[in-house]
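A.B. asks: Protein chains in written order, with my numbering: chain U, 6 to 327; chain C, 1012 to 1347.
These are computed hints drawn from the structure, not numbers from a lab.
Built from N, CA and C at the ideal position, the CB exists for glycine as well.
Honestly, I wouldn't trust all of these hints.
[Said to hold, decoys possible] Restricting the straight-line Cα-Cα distance to at most 20 Å, the calculated cross-link-like pairs of lysine to aspartate or glutamate (DMTMM-like) are:
| # | chain 1 | residue 1 | chain 2 | residue 2 |
| --- | --- | --- | --- | --- |
| 1 | C | K1276 | C | E1224 |
| 2 | U | K138 | C | D1035 |
| 3 | C | K1132 | U | D322 |
| 4 | C | K1276 | C | D1266 |
| 5 | C | K1132 | U | E82 |
| 6 | U | K138 | C | D1042 |
| 7 | C | K1132 | U | D111 |
| 8 | C | K1335 | C | D1242 |
| 9 | U | K169 | C | E1041 |
| 10 | U | K84 | U | E302 |
| 11 | C | K1313 | C | D1227 |
| 12 | C | K1276 | C | D1227 |
| 13 | C | K1132 | U | D318 |
| 14 | C | K1314 | C | D1227 |
| 15 | U | K169 | C | D1189 |
| 16 | U | K138 | C | D1189 |
| 17 | C | K1132 | U | E317 |
[Claimed, not checked] Derived list of chain U stretches under chain C, where covered just means 3 residues or more per stretch with a C-beta under 8 Å from a C-beta of chain C:
| # | region |
| --- | --- |
| 18 | 25-39 |
| 19 | 92-100 |
| 20 | 159-168 |
Here are the chains, one letter per residue:
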Amino acid sequence: MELSREQLLEAYRRMRRIRVFEEKLAELVAAGKLAGFLHLYAGEEAVAVAVAAHLSTRDTLASTHRGHGHCLAKGVEAKAMMAELFGRATGICKGKGGSMHIADLDRGMLGANGIVGAGIPLATGAALTAKLKHTGGVAVAFFGDGASNQGQFHEALNLAAVWKLPALFVAENNGYGEATPHEFACSVRDIAQRAASYGMPGVIADGMDFLDVYAKAGGAIARARAGEGPTLLECKTYRYFGHYVGDNLQYRSKEEAESWRQGRDPLERFERTTVGEGLVESDALRTIDAEIAEEIEDAVSFAEASPWPSPEDVSSDVYVSY
Amino acid sequence: MARELLFVQAINEALHLAMQSDPDVILMGEDVAGGGGRQDQGIEEAWGGIMGASKGLYKAFGPMRVLDTPISEMGFLGAAVGAALTGLRPVVELMFMDFLGVALDPLLNQAAKLRYMFGGKARVPLTVRTLVGAGVRAAAQHSQTLYGLTTAIPGLKTVCPSTPADAKGLLLAAIRDDDPIVFCEPKALFFSKGAVPEGDYEVPIGRAAIVREGSDLTLVGVGRSVQIALDAAAALAAEGSSAEVVDLRSLSPLDEEAILASLAKTGRLLVIDEAPPRCGIASDVASLCVDRGFDLLNAPVKKVTAPHAPVPFSPVLEDAYLPKVEDVLAAVREMG
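Okay, chain U solo, but in the shape it has when bound:
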């Protein structure tokens, strides 16, 4: 699973896009320009991008309330996402979904999800479709440490295991379910241990390290494609922002947050390794930085200039026919 220079640059581009997108949202909220509940993914970029690097449009992905990163990693356009967050008619869901419901079915993105744990059975069902229709596809569910305490997690993993589905369950353990520390809420230290209950492999990856997640996700996805069943992959990671934009963060120390950033930041670490090994040049990365900065500014301008939905559309799109 050697990565070419182009693949590495694309991975960096996607991680950078997520980082800048999320930091921009925090700014827009502070400036009073965005409404609604926003859960930012900054800090966890390596997880989504490294997993999605193994996926194509035939593969599906179910996400969480912290879903912007998964969407961008799966190739959803930043512009259409930004317009959605601004509630505009040009948004990817015509302004009807908002941050927690961004979906792009043509790209296999089955939606962010406002219900903790609810994406896990959806991905399980998508894996059933892949198996029965012989698409060769794999379905991935991303979910947080909090979701691993939900009943949907248990029921879906058991089902996926007994049906031997081509699925990958990615637990993004960022240490907190809202304001409650993982170790307080979870009966085991590693979520990956829970895989034993379902007779599936449980693998732990360093979620701050793109290459580690890439290697381990690759193994699990290859296994799923070969018809050998699902894997539970736990990625240890950290969210730089709070649970939501506006979180007072009184449940964790500044030192702890700093310790995750210093030397471990997924983008810096990616650069250190790849440039250090001569796989990419830092100039190329700086060019990407500049392009992404412009892309996100353009996305905001596009969103702000876009029309609002028409109030008559409040009752459209409920049914295919009624």
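Following the hints, complete the assembly by docking chain C onto the known chain U.
C.D. replies: Chain C only, in chain U's frame:
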């Protein structure tokens, strides 16, 4: 003489036809086959569903399309939503509607809302078959009539047939519909008999049926209460009063025009429901008459429902719980 089938056989026939005509239709649920994984012992289909509704399907369509599930309603209902979202057309058997208690999120927050939240891009062609209603001494957790709950959720459709013929045609229509549908099967009617047309046909969703014509009074029923309405209408006829009977068949969408047309004819309306009285289909029909049919009314709208209580076990109590013909006749007399 038309061919007669049991309600359960009509359901079974519809499932066969739906699966024959579309390879994307799959069936999943607890013991829809039964005895899973024991083919090597010669066990292929131990049950065919708790009430036998899916008998023969496993043999006809095999283990890839007839899927026995663990007892994990939330898990398999959620998986069915994911499968529907990605190109399959699942029919899920939720054994008793009371079990929605452990499985509501996939219906409430996923199936019902995905299309809307995604700006109209998603389709969730899911059918949930589920047993409703009292009358078989199954007590409170296996007897509730909960179609009012799903009717209240935008994004879902809810239907409830009262005859074997409608059961077959409505189920075929439901499975082929591109929206998520809750298909309620009154368990007390499961072994009732009726004429059922041969072959493949659909009963349109959202259309009520006038099952008895009359001119003095409209009796509205759904599922099991349709028979109560018909029996009451027969009793009223003996007294010289002509009652029209409307079988709603579909709760969401509700055939408002059919109800109002009948009311326009009779000027008096009584609705019978075996669900409790609050926030239910009986209240919906009554409010429709007041909202849109006030000028047509020559008497107050009356409701005959179950009490605001869980379903009891004791035969004496369960019989007291259910609406009866005498209750309807007493209510008609109150209408003046």
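A.B. asks: For each hint, tell me whether it holds in the structure or not.
C.D. replies: Hint by hint, here is what the structure shows:
{"no.": "1", "hint": "C:K1276 with C:E1224", "in the structure": "holds (10 Å)"}
{"no.": "2", "hint": "U:K138 with C:D1035", "in the structure": "holds (8 Å)"}
{"no.": "3", "hint": "C:K1132 with U:D322", "in the structure": "holds (8 Å)"}
{"no.": "4", "hint": "C:K1276 with C:D1266", "in the structure": "holds (16 Å)"}
{"no.": "5", "hint": "C:K1132 with U:E82", "in the structure": "holds (16 Å)"}
{"no.": "6", "hint": "U:K138 with C:D1042", "in the structure": "violated (23 Å)"}
{"no.": "7", "hint": "C:K1132 with U:D111", "in the structure": "holds (9 Å)"}
{"no.": "8", "hint": "C:K1335 with C:D1242", "in the structure": "holds (9 Å)"}
{"no.": "9", "hint": "U:K169 with C:E1041", "in the structure": "holds (18 Å)"}
{"no.": "10", "hint": "U:K84 with U:E302", "in the structure": "holds (9 Å)"}
{"no.": "11", "hint": "C:K1313 with C:D1227", "in the structure": "holds (14 Å)"}
{"no.": "12", "hint": "C:K1276 with C:D1227", "in the structure": "holds (8 Å)"}
{"no.": "13", "hint": "C:K1132 with U:D318", "in the structure": "holds (14 Å)"}
{"no.": "14", "hint": "C:K1314 with C:D1227", "in the structure": "holds (17 Å)"}
{"no.": "15", "hint": "U:K169 with C:D1189", "in the structure": "violated (28 Å)"}
{"no.": "16", "hint": "U:K138 with C:D1189", "in the structure": "holds (19 Å)"}
{"no.": "17", "hint": "C:K1132 with U:E317", "in the structure": "holds (18 Å)"}
{"no.": "18", "hint": "25-39", "in the structure": "violated (count 0)"}
{"no.": "19", "hint": "92-100", "in the structure": "holds (count 5)"}
{"no.": "20", "hint": "159-168", "in the structure": "holds (count 7)"}
Checked against the numbered hints above, the structure breaks hints 6, 15, 18 and satisfies the rest.
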